[in-house]
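Trainee: Dock the two chains into a complex; use the hints.
Chains as they are written, first to last, in the numbering used here: chain A, 1 to 270; chain B, 1 to 181.
Rather than coming from a laboratory, the hints here were simulated on the basis of the structure.
Beta carbons are placed, not taken as given, at the ideal position from N, Cα and C, and that holds for glycine.
Fair warning: there could be bad hints in the mix.
[As the list claims (entries may be wrong)] Capping the alpha-carbon separation at 30 Å, the derived lysine-lysine pairs in DSSO-like fashion look like this: (1) Lys-145/A / Lys-78/B; (2) Lys-79/B / Lys-196/A; (3) Lys-196/A / Lys-109/B; (4) Lys-109/B / Lys-68/B; (5) Lys-233/A / Lys-78/B; (6) Lys-79/B / Lys-94/B.
[Claimed, not checked] Pulled from the structure, derived: some chain B residues nowhere near chain A, Cβ distances all over 10 Å: (7) Asp-51; (8) Asp-83; (9) Ala-84; (10) Asp-98; (11) Thr-130; (12) Glu-171; (13) Pro-172.
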Amino acid sequence: MKKIIVIIGLACFAMHIQAQELFVYTEPASNVPARSLGLRLTQQIPVQKTGAAVGYQALPEIVWGASAKLMLHAEGFFNSRGGSVGFDGASLYSKYRFYSQDDIHRHFRMAFFGRLSYNSGAIMQEAIDLNGQNSGMEWGWIGTKLIDRLAISGTVSWLNAFDNGAAQTKKWPSGYRDAMGFSLSAGRLMLPTVYKDYDQVNLNLMLETLGQANLKSGDMFLDLAPSLQLIFKSRMRIDLGYRFAVVKDLARPVTRMALLRFEYNIFNAF
Amino acid sequence: MKKLSLLLAFLWAGYTGMAQVEGIELQASGLTCSMCSNAIRKSLTFLDYVDQVRANIRESMFTISFKKDASVNFDELKKKVEDAGFFVASMKVKLRVDHQAIRNDHHVKTAYGTFHFLQVKDQELNGLVTLRLLDKGYVPAKAYKKNAVLTSRACYQTGLAGACCAEDQVEPGSRVYHVTL
Numbered sequence: 001m002k003k004i005i006v007i008i009g010l011a012c013f014a015m016h017i018q019a020q021e022l023f024v025y026t027e028p029a030s031n032v033p034a035r036s037l038g039l040r041l042t043q044q045i046p047v048q049k050t051g052a053a054v055g056y057q058a059l060p061e062i063v064w065g066a067s068a069k070l071m072l073h074a075e076g077f078f079n080s081r082g083g084s085v086g087f088d089g090a091s092l093y094s095k096y097r098f099y100s101q102d103d104i105h106r107h108f109r110m111a112f113f114g115r116l117s118y119n120s121g122a123i124m125q126e127a128i129d130l131n132g133q134n135s136g137m138e139w140g141w142i143g144t145k146l147i148d149r150l151a152i153s154g155t156v157s158w159l160n161a162f163d164n165g166a167a168q169t170k171k172w173p174s175g176y177r178d179a180m181g182f183s184l185s186a187g188r189l190m191l192p193t194v195y196k197d198y199d200q201v202n203l204n205l206m207l208e209t210l211g212q213a214n215l216k217s218g219d220m221f222l223d224l225a226p227s228l229q230l231i232f233k234s235r236m237r238i239d240l241g242y243r244f245a246v247v248k249d250l251a252r253p254v255t256r257m258a259l260l261r262f263e264y265n266i267f268n269a270f
Numbered sequence: 001m002k003k004l005s006l007l008l009a010f011l012w013a014g015y016t017g018m019a020q021v022e023g024i025e026l027q028a029s030g031l032t033c034s035m036c037s038n039a040i041r042k043s044l045t046f047l048d049y050v051d052q053v054r055a056n057i058r059e060s061m062f063t064i065s066f067k068k069d070a071s072v073n074f075d076e077l078k079k080k081v082e083d084a085g086f087f088v089a090s091m092k093v094k095l096r097v098d099h100q101a102i103r104n105d106h107h108v109k110t111a112y113g114t115f116h117f118l119q120v121k122d123q124e125l126n127g128l129v130t131l132r133l134l135d136k137g138y139v140p141a142k143a144y145k146k147n148a149v150l151t152s153r154a155c156y157q158t159g160l161a162g163a164c165c166a167e168d169q170v171e172p173g174s175r176v177y178h179v180t181l
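Extracted from the complex, chain B is given alone in its bound form (with noise of 0.2 Å):
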């Protein structure tokens, strides 16, 4: 038990800098009632990480805070927002980042899966950053096809690592989250 703990802290380790997911605001499309963002409230709240949701009801906004530690999953909170009968517009994820580089249409591995920068300047991030994903079904389908001239590699199609992210050393078949600044 002890040895399967320091692996994972190694593991862990491995995960260059972007350390903490801090909270996510989401914009969910379809809806306008009370009720309908109240099934999408209820529907959030349903995942054992989520602590708190707090709606922006006019704007169909949501402000998800997580519980300590907690192993935050985009495409879960995605999936719970369609359970609901409606759809993601927007999510973008708040991150504590320890002097993470970055460089624009390269992947950089973290805890929650790999992020691929799209449309940014090769810069080093530090502190508390916002990233707003791109991925199909994370913004509106004309924003996701508008988008694809950001990269040629494939995995921005398929969500999933493939033979056009071997040069970061992305493992095959593992998810790729699309991301900008």
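In isolation and in its complexed conformation, chain A is listed as follows (with noise of 0.2 Å):
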């Protein structure tokens, strides 16, 4: 019971805070222009962990617009354990918008996605992390609804992790490696406050819930993950955020993360 009014709460809250619709840590039913290419790389840094074994990651990324519904990712994922950074693994990523009513500064948008991931790290925990900590698949739906400068945008989706490559024992009995993943992002674009060309400098600023629920235990974690977001010249971003854990019974080593992120972006790439 406590749990549903935390999230209600957080919800609620997220709600009354405004941001734009490139989030931070979620992404948005709409997708990058068809044709374009966004380069990214991707930094967390743990702040506080309760054990030795997770640490740096770098998240190199390309986004492709393979045509206006439909888009694809491909990640690489390095991790620093025990001092020295390798190369863990990579995930595949698609969305496609099926549904669109736009309006002038306005739109809702639904959106499919779905992920793969091979990763070959030791497994460190019971949450499932498809992006850098375990082998596995995820699908879900997108909806956001954009409003002037105001975007929320909500996501669900199920996790199903696989075993960690030849090396890695089976860590969890079957029945664990299913998990409900949701999240609820609100946005707004703070400046400039009057727009006047595509060299001003864009400022978004972000609230995202993060959530996850075992299947099978029904633990779950529940992060709130403020951010900042920078746009130059309407084609380069530079994300700040940091992310931290308000419910925790899904076990994790880490429940304290910043990260920074680069994007560049190539319009008409192909």
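Mentor: Encoded structure:
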């Protein structure tokens, strides 16, 4: 009951914060433009951890707009376990926008997405993390509403973890490998107050709630993730985020993590 | 080659009056930020006959100018906006016209496709006129449904000439753009 109250409380809080929809921790239902390429480097730095084995993560990523409705991501996982940075695996993500209701300065859109991840690193936690920790698959639904300078987005997904490569022993009984993921994100375009040209720096503020519940044990985590985003020349992006656990029944060695991301977009790349 | 040129010139002359698109003003829907606006601008400039795209980011407006004697295709411009991830809310075409008679709910053949005039008085157009496209995908979905009362002809639904357009000698299957002043 307490968990539900926390979730509803955070959701209501998020609804009153404002931001645009280039969310830092989740994807909106919108896609990148067709024939464009986005080059990303995401770095995650643990701020508080209970074990020594999880360290700094670097996640290089290519984002491709295959068509107006379909986009694909390819991502690599590098992790500094035990002092040296090593390659742990990679992930493919695709998203298909199947519904759009657009008007001037507003839209409501929905999309399906799927992710397939391979990871050879040691499994460190009960929570499933397909973005750098686990092999597995995920599919889900995204709904995003844009109203002028405010964007609100929700995600519901199903995650299934595989074994992490042949060298990894089976960590969990098979029934514990399924989880439900959910998120609620809100963001607001803060600057510029009046648009004049493409060279103006854009500032977006965001607040995201990110959760997961194991379908067998019922244990869950719920993180709160405020972030700040700067956009330069209407094509380069820097994200600064901080993610911390509010509910932490589902075991994870890292419960507080900082994020730094660079992104550069190439329009009409093909 | 010379014969072909003469034939093309003859065909061009057959398109009475409506000779040249001078520019287009387009408003896109579904966006607020400058990165999205930039994506639309870049997408439009990918078309080789587009000369310049000037953007008003705040209003999501794009003023498009074209290269000389460009063969402008409205559907291609619309698709470029959709490729960027957005939609056309309004497209206004500035057209140089030489004494062209128009009638409400009737067609006029031009080099850019056939124009089917709606909600206009029967009149003669001359000089620079602005036409607003009313087809599906060129106005918000609600406006498209609302405008359906303006004509009973089936080409409004399909965007293609059918039996309904035969009295104006429009070739069946050819593209029909529904426009108003």
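Trainee: Enumerate the violated hints, using their earlier numbering and listing them in ascending order.
Mentor: 3, 8 and 9
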